[in-house]
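Q: Each chain, letter by letter, is given below.
Protein chains: 2
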Amino acid sequence: MVNCEWLKVPSALLDAEARAAAEARQGVLTKPPGALGRLESIAIQLAAMQGKEKPSLDQVRIVVFAGDHGIAAEGVSAFPQAVTTEMVRNFANGGAAISVLARVLHAELEVINLGTVVDPGPLPGVSDQTLGAGTANFAKQAAMSEEQLARAMNIGRQSAERAVTQGVDLFIGGEMGIGNTSAATALASMLTDISVESLTGPGTGLDTDGVSHKVKVLQAALNLHRDKIDSPVTALRYFGGFEIAALTGAYIASGQMGVPVLVDGFIASAAALVAIKQCPGTADWLLFSHASAEPGHKHIIDALNAEPLLDMGMRLGEGSGAAVAVPLLRLACALHNEMATFADAGVSSKK
Amino acid sequence: MVNCEWLKVPSALLDAEARAAAEARQGVLTKPPGALGRLESIAIQLAAMQGKEKPSLDQVRIVVFAGDHGIAAEGVSAFPQAVTTEMVRNFANGGAAISVLARVLHAELEVINLGTVVDPGPLPGVSDQTLGAGTANFAKQAAMSEEQLARAMNIGRQSAERAVTQGVDLFIGGEMGIGNTSAATALASMLTDISVESLTGPGTGLDTDGVSHKVKVLQAALNLHRDKIDSPVTALRYFGGFEIAALTGAYIASGQMGVPVLVDGFIASAAALVAIKQCPGTADWLLFSHASAEPGHKHIIDALNAEPLLDMGMRLGEGSGAAVAVPLLRLACALHNEMATFADAGVSSKK
Chain A
126 MVNCEWLKVP SALLDAEARA AAEARQGVLT KPPGALGRLE SIAIQLAAMQ GKEKPSLDQV
186 RIVVFAGDHG IAAEGVSAFP QAVTTEMVRN FANGGAAISV LARVLHAELE VINLGTVVDP
246 GPLPGVSDQT LGAGTANFAK QAAMSEEQLA RAMNIGRQSA ERAVTQGVDL FIGGEMGIGN
306 TSAATALASM LTDISVESLT GPGTGLDTDG VSHKVKVLQA ALNLHRDKID SPVTALRYFG
366 GFEIAALTGA YIASGQMGVP VLVDGFIASA AALVAIKQCP GTADWLLFSH ASAEPGHKHI
426 IDALNAEPLL DMGMRLGEGS GAAVAVPLLR LACALHNEMA TFADAGVSSK K
Chain B
126 MVNCEWLKVP SALLDAEARA AAEARQGVLT KPPGALGRLE SIAIQLAAMQ GKEKPSLDQV
186 RIVVFAGDHG IAAEGVSAFP QAVTTEMVRN FANGGAAISV LARVLHAELE VINLGTVVDP
246 GPLPGVSDQT LGAGTANFAK QAAMSEEQLA RAMNIGRQSA ERAVTQGVDL FIGGEMGIGN
306 TSAATALASM LTDISVESLT GPGTGLDTDG VSHKVKVLQA ALNLHRDKID SPVTALRYFG
366 GFEIAALTGA YIASGQMGVP VLVDGFIASA AALVAIKQCP GTADWLLFSH ASAEPGHKHI
426 IDALNAEPLL DMGMRLGEGS GAAVAVPLLR LACALHNEMA TFADAGVSSK K
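Chains as they are written, first to last, in my numbering: chain A, 126 to 476; chain B, 126 to 476.
The hints are simulated quantities; they were obtained by calculation from the structure and are not laboratory data.
A portion of the hints provided could be inaccurate.
It does not matter which identical chain is meant; a pair holds if it fits inside one copy or across any two.
Said to hold, decoys possible - Straight line, CA to CA, 25 Å or less: simulated DSS-like cross-link-like pairs of lysine-lysine:
no., residue 1, residue 2
1, Lys341, Lys476
2, Lys341, Lys475
3, Lys353, Lys177
4, Lys423, Lys341
5, Lys341, Lys265
6, Lys475, Lys133
Values in this document were obtained by computation on a predicted structure and should not be read as measured data.
I would like the entire structure built from these sequences, with the hints used as guidance.
A: Set out below in structure tokens:
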């Protein structure tokens, strides 16, 4: 068991009074009851999370965690490992999808490099918190040492703490790491009853043979380590990555501090799975943004009993799917906060 | 056959060159090919519609058409008919869902009253283009005279022309009219092979008995008029409403002028069905925003071979579902236009 005392802090509780007030408000807005569908339930959930009848999402923080994966040596990715570092540079230069989305959404973007094989050197807007030149190859040994795991989770926790200190209304975690669908798949299979075959997909673009090979590599790795896994965070140490551990830490800490989280796709949902298995109260603080095109995602989503807001066939990571869902949450709040009531507007209610 | 000469003008053609340029651009942006899913195809479709490699959606126009329905006398709605006028006032006062959405999206909102049972009197921001105190009861006679139909369609056409003249990038039509799910259901059943039972739903909130009664009323009305229906616009005259006819006219005219349209839910999709059956080229210019919770919507969507972007369980009308999808389209454009290419960013492509 990894020594992370802070993981024992319980999650914050939702505000039942604010939820009830928000529910009551939805019932008197000038629309047939329920006619705004999930926009109503989102507003009510955010009210319960933020502890106020009228929730707001002005300040959104997006933190992208980057790290390389030793498992890439097994030929499980369609892109070369250098791409992790190249994409960190692209984040710094504002050219990546998440850079564009953060700009348009007026969200603050923080990029944290937890350890790439190729050192990108100092970059504006990228925080260098390197724990090593990528993780070890989990086909052969644990991906991380206990210290690396504890530090990676703590880096995630600190990013959430910074967000809360700075008054952020919503936390989004993103990731970049060539090979990380392999890590997420192994983790998810280890922590659920879902088979590796069901969870394994093309990632950034493997062909059928590539996917078959990936299944074999992951199955062998699970067989190699299974007996040593005595907790969700131990599974994270063996199969995860720096960025997945940071996401897990950020989610758990967000729940402890009571800040709403919007979860991205496949990798982020695997981190959410670890977070919820380790600290079940975290579940109350996570909203799931989108159904990824990565085929294993729906199995993780089902295991979490979650309902993603969007299904746009996205599979990019970086937090991009969560970012794309931000306007829906903002519109849900605006409708909830600004629509007239039947009484205000002098509109007749149902016969 | 209604005399509307302008309906004979063919729809504009999509720009194949702009589409090809946009497709090529998507292929070199710094992401695995296809990883942005539908955001990629949306950007490419908009490029083809706007005739430029980099489409934009800065100026969005929302026009809400309101009108009452004689069929309401048959007890087919959960809300009293006075609500149509009350909601027109609510639009004018900025308290309705679509008012809030238009404000947040910086979209221009135009409200046109085509004829309500209760005269709301002059209202700021509401254009009074009354064609009568609501339509006639189509359980007994045609809903509209030929002149009313022609004028209603022309009002829709003029709203699209104003939008184009003013440089609008996207047209959204909304509607308000107690009883209009009945009109839309009868129309859709008349123009497709879909049964009234499959298409009829609770609208603003009928119970099971109410829905059964609605089915009987609509089936009887279809039987009464079926022999007289010789064209899609004749079906529109018998079963439609002023606001549905205006939407139909606006969609057809938008296609003729080559401006992209984002279609709302059940009522708007019925109008889109009439528009496409009457002028098939209109289909190229319509994007479908959301899957309505009104159960018949999926049948109309299937008949149109359309794929709505969102499924949020909404069933409000007013153009609200389309408005909620606007940020997705804008983000699709921003990603398409602003992301770096592999060459620009020095990122390696697939192995």
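Q: Run every hint past the structure and note whether it holds.
A: Verification of the supplied hints:
1. Proximity of Lys341 to Lys476 under the C-alpha cut-off of 25 Å is restricted to the inter-copy arrangement: shortest distance 21 Å between copies versus 63 Å within a copy.
2. For the homomeric pair Lys341 and Lys475, the shortest alpha-carbon distance between copies (22 Å) is at most 25 Å, but the shortest distance inside one copy (60 Å) is not.
3. Taking the shortest Cα distances, Lys353 and Lys177 never come within 25 Å of each other, neither inside one copy (45 Å) nor across copies (58 Å).
4. Taking the shortest alpha-carbon separations for Lys423 and Lys341, only the intra-copy value of 21 Å comes in at or below 25 Å, while the best inter-copy value is 41 Å.
5. In the homo-oligomer, the alpha carbons of Lys341 and Lys265 lie at most 25 Å apart inside one protomer (14 Å), although the nearest pairing across protomers, at 70 Å, exceeds that limit.
6. When the C-alpha separation of Lys475 and Lys133 is checked against a cutoff of 25 Å, the pair qualifies neither within a copy, at 49 Å, nor between copies, at 43 Å.
This entry does not satisfy hints 3, 6, going by the numbered hints stated previously.
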